[in-house]
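Please put together the full structure from these sequences, using the hints given.
Chains as they are written, first to last, in the numbering used here: chain E, 1 to 201; chain H, 202 to 304.
A hint or two may mislead.
[Claimed, not checked] Now the stretches of chain H that chain E is said to cover, found in silico as 3 or more residues with beta-carbon under 8 Å:
no., segment
1, 219 to 227
2, 254 to 265
3, 289 to 301
By construction, these hints were calculated from the structure, which means they are not laboratory data. For every residue, glycine included, the Cβ atom is placed at its ideal position computed from N, Cα and C.
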Amino acid sequence: MHPEEAEEHLAVIRSAMERTTRYTGVPAVACVLAGVLAIAGAAACRAMGLDFNSPRDERGLALVWGAVCALAVAQFVALTILAVRRRGEPAWSRLARRVVVAVLPGIYVGAALTEFCRRTGHLDYLPPFWSVCYGASVLGLGLYAGWKANLVGCLFLAAGTLGLYVLKPYGVALMAASFGGLHLLLGLLIAIRHADRRSED
Amino acid sequence: MQTAAVKIDDLDRVIHERARLAILSSLVAGGETSFAELKAVVGLTDGNLSVHLRILEEAGYVAIEKSFVERRPRTDVRATAAGRRAFRTYLDVLERIVKRGRK
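Structure, rendered in structure tokens:
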């Protein structure tokens, strides 16, 4: 066997192993829609005069961000299942289950902290806490989805940290910038990757 | 060329075929996998994948389990210990060939 042929076989091995462990199910359009929904939520808060610094606004904030969260999750799950099935792959694959397990701890901590803030009246901590917890979840996704998710996860962490120590009075703006802007960024990065792959094909 | 001729004898013919090499690589990297997932990863048709899996199973390199989940048939495949050993040996041989080619 010639070394060139051996290298080709090593490339087959590398490629198969990478396809096995790399999660590519997240569609760009789902990220973009999630970003648009977050920006719409922030705009709704502005229009309704809702502020995270005002404990009286708890009900309104819960309504707006609860709806944003429910819609974002629903469209994300639906579009991901559609995208994966279109490629002829099973939606609830072993890799998808691993991704969900990696993402869940951040979501769980976010939910626990949300209840804590609600009970203690510290609603102003919610946007930074959500951003940090979501960043941890996106980093969990990054274990299987690569550097783009890792980058966006780190940016969520940075936005949340800034929110805790510098931007706490600007909760609604932080929501628009982090959950809005960073989802749009992730969608853009994924779309660029898909465009690169199509041009390679 | 003498070296190359000797080395090809060391290569496991069962794994050497590219589709089977991709299947075994995927199973070694990802653990137990369903037939549908494996099909998506290696990009083979149902028929081709079945044929290659049968060859790997006959060599003792993979174990195939058939079951029913919610009344639907399900096939799970995993690399056996012998399959993992054969894969490592195959990799060693490939690496030696590449290294000798670079010298």
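Outcome of the hint check:
Counting residues of the segment 219 to 227 of chain H whose C-beta sits closer than 8 Å to any C-beta of chain E gives 6, which meets the bar of three, so the coverage hint holds. Coverage of the segment 254 to 265 of chain H by chain E is violated in this model, with 0 residues showing a Cβ closer than 8 Å to a Cβ of that chain against a need of three. Coverage of the segment 289 to 301 of chain H by chain E holds in this model, with 6 residues showing a Cβ closer than 8 Å to a Cβ of that chain against a need of three.
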